[in-house]
Amino acid sequence: MTTPALAARGIVVRFGGLTAVDGVDLEIEDRALVGIIGPNGAGKTTFFNALSGLVTPASGRLFVGGVDLTRKPAHVFARAGVARTFQTPRVFADMTVEESVRFGLEFAGRRRRAERAALADVPAILDFLGLADCASLAAGAVTPARQRLLEIGMALATRPRILLLDEVAAGLTQTEVRSMARLVRRCRDELRLSVVWIEHAVAVLLDAVERVLVLHQGRALAEGAPAVVARNPEVVEAYLGDGAAEARS
Amino acid sequence: MPGRALGAVAGGALVAAALPWLLDDFLVSLALSCLMYIALATSWAMFSGATRYVSLGTSAFFGLGAYVSAWTVKAAPWPVVIVGGALVAAAFAGLAGLAILHLRGTYFAVLTFGMSELTRHAVTYGEKQYAGTVGRVLTAVPSNLTVYFTVLVIAIAAVGVAVAVRGSRFGLALIGIGADEQRAQTLGVPTRWVKVAGFALSAAFAGAAGAAMAVRWTYIDPMAVFNPFIGLQTVLIAIVGGPLSLTGPVVAALVFSLLAEFLRLQFPYAYLIALGLLLIVAVLYLPYGLAGLWRDRARDERAAAR
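Those protein sequences? They're chains A and B, same order as listed.
Under the numbering used here, think of the first position of the first sequence as -10, with each following residue one higher.
Under the numbering used here, think of the first position of the second sequence as 547, with each following residue one higher.
Keep in mind the hints are simulated off the structure, nothing from the lab.
Do not take every clue at face value.
Sample of chain B residues at the chain A side, in silico, Cβ under 8 Å [stated by the list, open to error]:
#	residue
1	Thr618
2	Lys620
3	Ser689
4	Leu691
5	Ala710
6	Ser714
7	Arg715
8	Leu718
9	Gly722
10	Ala725
11	Asp726
12	Thr732
13	Leu733
14	Pro736
Note that CB positions come from ideal geometry on N, CA and C, so glycine has one too.
Isolated chain B (complex conformation):
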């Protein structure tokens, strides 16, 4: 299975790497959006899917990464900008996690949402106060191709780390926390640190993605990069795809990014309605997402073959 997963990741990466030479600009920007959501949904599922701590904080980490990029892109080498975005987001998630990861369920979800809003307002205030502006125009940015490959690398890293975590004791600890946190603790899991580390690791990818995407937009303001829609769409993709599966969020990220673009242009309202309905159906009937359907069918076939 790890061999097959590696093959699938390598194959997908090769195809994605060839796209800039095969497609026109519009389709490449679509592919970029797919890659971004692969990174966001995969890293979200790695923590929130396993532990069932549903975080709506992705927007905060993404936005922080974007602002790190806006502040440093002129002065620092590009890889440093990306890593800086990841580290700032991870550090912020770690600190926030220390404060709020003892809350479960709705309380945690609402607080992470509040955290995103708080971050957005804090950045707005800081920019007004010290830079005298709200938005920033980014000039002298890397080429579109550089951004595309950066996001591709972030997506590959997110999937690779998710695969590695899945097979590790750390990943087992996350699953145990999702199954029964107190029980896991009485079996020797240092739950507090595992949660904080998992939350920070997951946030690092959102921060990196934000840092990379910021330069693509050339003009950013807090409203755009701390957009709650990014966080909600990430949660939706991961839940509909299958929060406990590795392939589910990846496939769902592809499907939804494409759907989002086409439907949003053609039928803006129908798209949001469809998203809402899908989320309701997934939460009510598909706790393991579409990947769960796939898994059940595979199991039935195995049972039938016996």
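Okay, chain A solo, but in the shape it has when bound:
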């Protein structure tokens, strides 16, 4: 068996008395495309925060490319090839689009040049995202949809091996959501990344990914192929509701 790109074992995250993530396991192989769904407060983003080193799990272990990074700070995860986006785009508002992308290339991406030749420089990344025409605009001044693309571009600039996308389609129009889904697939197919995608728009996500993990109250409720998971009665009960189940059939 090959070493997974990312492995999380028994991750527990507590905030005071609240257990936000309660013993979740996840293995991401190279070039996998995995979705995470769950109702509000299921612990999805907190789980991402643990996977990217922003919060330290109370227990459990994290391996990136077989190396144990448990309890390491976030920049170590970035240097090991774990990149992430945030639900609300956190672009550097005072920098230009170009400078924002260059930032990642200067830090985590700097030592990872050899590993991701497709992400050679700023123009290559902006071209990939279709942002070349706004390279010199202030990052805070471009449209919200483009800020989401830029948010992904900043993550790609770290030349990652694993890309964690947190609700990148939230607040987009139907057309934009579809093109976002295509972009997510292209990150996997063309850039050969492992992609983990959290999304609230369940239908779009289930169409795009190959495997899905359902979180509910901090626990893994189900994991497997989207079609199977969507029919799992527990999942339907906890989260999808009748409407979503019908939408899938």
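Position chain B relative to chain A; hints supplied.
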């Protein structure tokens, strides 16, 4: 642009170097005060302006440098005294930074202020306990001209280092921390070490300036060299001048040191009121300081020219 910056620094330095031969003693001491605030405000902006960690700790670093100078000036060669002041201040800032740089905003500002007070009391206590005195009279000190040129060199070094940091990855990391610290960290910036290093580097200049200025006063006590006014005036100069610009703090240091001297002699209260009002206006309406106004105008002119 780096060429122009270099030219401006070299030109300013030459003018400043000629002043002791051109002006009377009073005006030279004014120029000295300008140079001191250039060093303090520029080094403050290099860290606090970029990262938005507003530090009120300048007084602590300045005072520590002054006391290092008072303790060693008789025994050690002058350059060693200055470098010693810088190193002690930097080491202290590094240790303090490890403890408090995870706090943001008001908490960080208040703690750095508290740190200054703590340092002042600690030095007072130590002096009483071991030296049996609070103040120290400094005899056998370098000439006024030596002090002037020392502070000039410190100011040039502060501006030079600020320019170099601005163009470096270290400077980019500081800006990233100011823009969104967590985001910068997820993009690979070792934020903790960058902050501690930046804070210590910035403190080194305040320590060096304190070491040089101490001998100028001939009598120092903790109240005088850990004077919170020095730290507050530094913050004010940098914020009003433009915390993210290189020229803003330099120009503001010149203007405010001159204003401070003239107004403080003529209208002591009006001066403090004016300072307070300016700070409020700058914080509310000029987040990029007066340098921001200048930049906006240049941008408008470029846009109009298109």
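Each hint tested on the structure:
Of the supplied interface hints, the one on Thr618 (chain B) is violated, with its beta-carbon coming no nearer than about 39 Å to a beta-carbon of chain A, more than 8 Å. With a least beta-carbon distance of about 46 Å to chain A, the hint placing Lys620 (chain B) at the interface is violated under the 8 Å criterion. Hint status for Ser689 (chain B): violated, given a least beta-carbon distance of 46 Å to chain A, over 8 Å. With a cut of 8 Å, the hint placing Leu691 (chain B) at the interface with chain A is violated, because the nearest CB-to-CB distance is about 43 Å.
At about 16 Å, the closest approach between the beta carbon of Ala710 (chain B) and any beta carbon in chain A exceeds 8 Å, and the interface hint on this residue is violated. About 10 Å separates the beta-carbon of Ser714 (chain B) from the nearest beta-carbon of chain A, more than 8 Å, and the hint is not met. A cut of 8 Å between beta carbons decides the hint on Arg715 (chain B): the least distance to chain A is about 6 Å, and the hint holds. Taking 8 Å as the C-beta contact cut-off toward chain A, the hint placing Leu718 (chain B) at the interface holds, the least distance being around 6 Å.
With a least beta-carbon distance of about 6 Å to chain A, the hint placing Gly722 (chain B) at the interface is held under the 8 Å criterion. Residue-level restraint check for Ala725 (chain B) holds (minimum Cβ-Cβ distance to chain A is 4 Å; threshold 8 Å). Because the closest C-beta pair between Asp726 (chain B) and chain A is about 5 Å apart, less than 8 Å, the hint holds. For Thr732 (chain B), the shortest C-beta to C-beta distance to chain A is roughly 5 Å, which falls under 8 Å, so the interface hint holds.
Proximity of Leu733 (chain B) to chain A holds as hinted, the smallest CB-CB distance being about 4 Å (cut-off 8 Å). Interface restraint check: Pro736 (chain B) against chain A, minimum CB-CB distance 5 Å, threshold 8 Å, status holds.
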